[in-house]
Each structure stands twice: as structure tokens, then as C-alpha cells.
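Based on the provided sequences and hints, a complete structural model is requested.
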Amino acid sequence: MEAYLTEAEEAYRLDPLSPPMIRHQGEAYFHSGRLEEALAHWKKPIASDPRDAYHGLADYYMHKGDFDQAEAAVRELEKIAPNTDGALLCRGFLAGLKGDRDTALRTISKLDELFKKGTSRQSSIGFIYFAMGDLDRFFEYMDAAAKDHTMPALRIRLSPLFAKARRDPRFLMLIITGSRPLQPNKPQG
Numbered sequence: 001m002e003a004y005l006t007e008a009e010e011a012y013r014l015d016p017l018s019p020p021m022i023r024h025q026g027e028a029y030f031h032s033g034r035l036e037e038a039l040a041h042w043k044k045p046i047a048s049d050p051r052d053a054y055h056g057l058a059d060y061y062m063h064k065g066d067f068d069q070a071e072a073a074v075r076e077l078e079k080i081a082p083n084t085d086g087a088l089l090c091r092g093f094l095a096g097l098k099g100d101r102d103t104a105l106r107t108i109s110k111l112d113e114l115f116k117k118g119t120s121r122q123s124s125i126g127f128i129y130f131a132m133g134d135l136d137r138f139f140e141y142m143d144a145a146a147k148d149h150t151m152p153a154l155r156i157r158l159s160p161l162f163a164k165a166r167r168d169p170r171f172l173m174l175i176i177t178g179s180r181p182l183q184p185n186k187p188q189g
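Take the sequence shown: its position 31, counted from the start at 1, is 31 in my numbering, and no numbers get skipped.
Treat the hints as calculated values from the structure; they're not laboratory data. Errors might be hidden in some of the hints.
Simulated pairs of lysine-lysine, DSSO-like, Cα-Cα distance not exceeding 27 Å [what the hints assert, rightly or not]: (1) Lys43 x Lys79; (2) Lys164 x Lys147; (3) Lys79 x Lys164; (4) Lys98 x Lys79; (5) Lys64 x Lys44; (6) Lys98 x Lys147; (7) Lys79 x Lys64; (8) Lys147 x Lys79; (9) Lys79 x Lys110; (10) Lys64 x Lys147; (11) Lys110 x Lys147; (12) Lys64 x Lys43; (13) Lys110 x Lys98; (14) Lys98 x Lys64.
Okay, here's the thing in C-alpha cells:
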């Protein structure tokens, strides 16, 4: 974990205006349990990189159980990036955590409408099911995402949002499946 943090800090130091580096540094703090540093980091780039900043803030506040602040961050994200995978994921995840099953399921339907199989949609739908407390569907969608090589393994393995999933016996198999290297296509005979 320390090497992950060091690399993220160095990358951010070298390019502090890069949106991917801003997001990566905030995630490194969040994933390592340095939650207040993640929060402070995600508040900095709201003007220059609002999409990633509001997504990070939503994750932080959802993890803390501060649903009012999470709702505010999600609404800002929806204003600047409506109908994107990230905004829909945050909306559905928050709805699932709050027990708003109807909104969570509508969000899943919208993700199905807007995104094709093989995109991040599968993992986003799985994350929403996780927030709803449906671990069976979570693992079903994560397995599909792993097979399509779209599963965000680092997020699942490290984010405090998914600690409960890591205690499930299916988690190890999911990570093994998602970590397999791509195999070259065999010639058709």
C-alpha cells in the first residue's frame, strides 16, 4: 500500500493539473484509509476537474453515511455530467444505500439503456446491487465484468465502500478471475 501511495503522490507532484492524477491521488488516499486527506484532496480541484472531484466527494460522504452531503455531491455531478456512467453509478449507489430501491432499479435500467455490454456498465450495475445489499447480484455482475476485462479490481480490492464484499468467500475467486492475463486467440482450425 505504501508503494501505491508513493507512486500516486509522485505522479500528482509531477502533474498536479492532470485530471487523472487528481483522481488517482484522491483514490490512493481513500483506498489506504486516509479519508480526511482524500476529502481535502477532492475539494481542491472542483473548479478545474469537477467531474472527478464530485465523484470522489460522493464516495467519501457515502462511506461516512452522510447522505445529505453525498446527495449534494451527486446532484453537482449530475449537473455537469448527466447520463454518464459515473453520475448514474453515484445516483444508483446512493439510492441503494438509502434503501430507495425504486430509484436504484430505475438507475440500473437507465445504465442498461445507455451503455453496451463490455463497458463499465456491468460493474456499475453490480456496485448498485451491492449498495442495495444484494451480494448475489453484485458477484454475478462483477464476474461478467471480470470476463469482459472491465472490472475495476483495484476499487473492489481497496475501497472502504466494498469492505463487506471482501469478507464474502466468493471475493477471492472474483479477484482471481479478474486478474487472469488476456490469452491470445487460438487459431481456428
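Here is how each hint holds up against the structure:
1. Between Lys43 and Lys79 the CA atoms are separated by roughly 17 Å; this keeps the pair inside 27 Å, and the hint holds.
2. A distance of roughly 22 Å separates the Cα atoms of Lys164 and Lys147; the hinted pair therefore holds under the 27 Å criterion.
3. For a cut-off of 27 Å, the pair hint linking Lys79 to Lys164 is broken: about 31 Å separates their Cα positions.
4. Distance hint between Lys98 and Lys79 is fulfilled; the C-alpha atoms sit about 21 Å from each other, no more than 27 Å.
5. Restraint check for Lys64 and Lys44: the C-alpha separation of about 19 Å stays at or below 27 Å, so the hint holds.
6. Restraint check for Lys98 and Lys147: the C-alpha separation of about 30 Å exceeds 27 Å, so the hint is violated.
7. Restraint check for Lys79 and Lys64: the C-alpha separation of about 23 Å stays at or below 27 Å, so the hint holds.
8. The straight-line distance between the Cα atoms of Lys147 and Lys79 is roughly 33 Å, outside the 27 Å bound, and the hint therefore fails.
9. Note on Lys79 and Lys110: the hinted pairing holds, with a Cα-Cα distance of about 17 Å set against a maximum of 27 Å.
10. Using a Cα cut-off of 27 Å, the hinted pair Lys64 and Lys147 is violated, with the two alpha carbons roughly 32 Å apart.
11. Of the supplied pair hints, the one linking Lys110 and Lys147 holds, its CA atoms being roughly 22 Å apart against a limit of 27 Å.
12. Restraint check for Lys64 and Lys43: the C-alpha separation of about 16 Å stays at or below 27 Å, so the hint holds.
13. Annotation: proposed proximity of Lys110 to Lys98 holds, straight-line Cα distance about 19 Å (limit 27 Å).
14. Only pairs whose Cα atoms come within 27 Å are accepted, and Lys98 paired with Lys64 is accepted, the gap being roughly 13 Å.
Violated hints, in rising order: 3, 6, 8, 10; the structure is consistent with all others.
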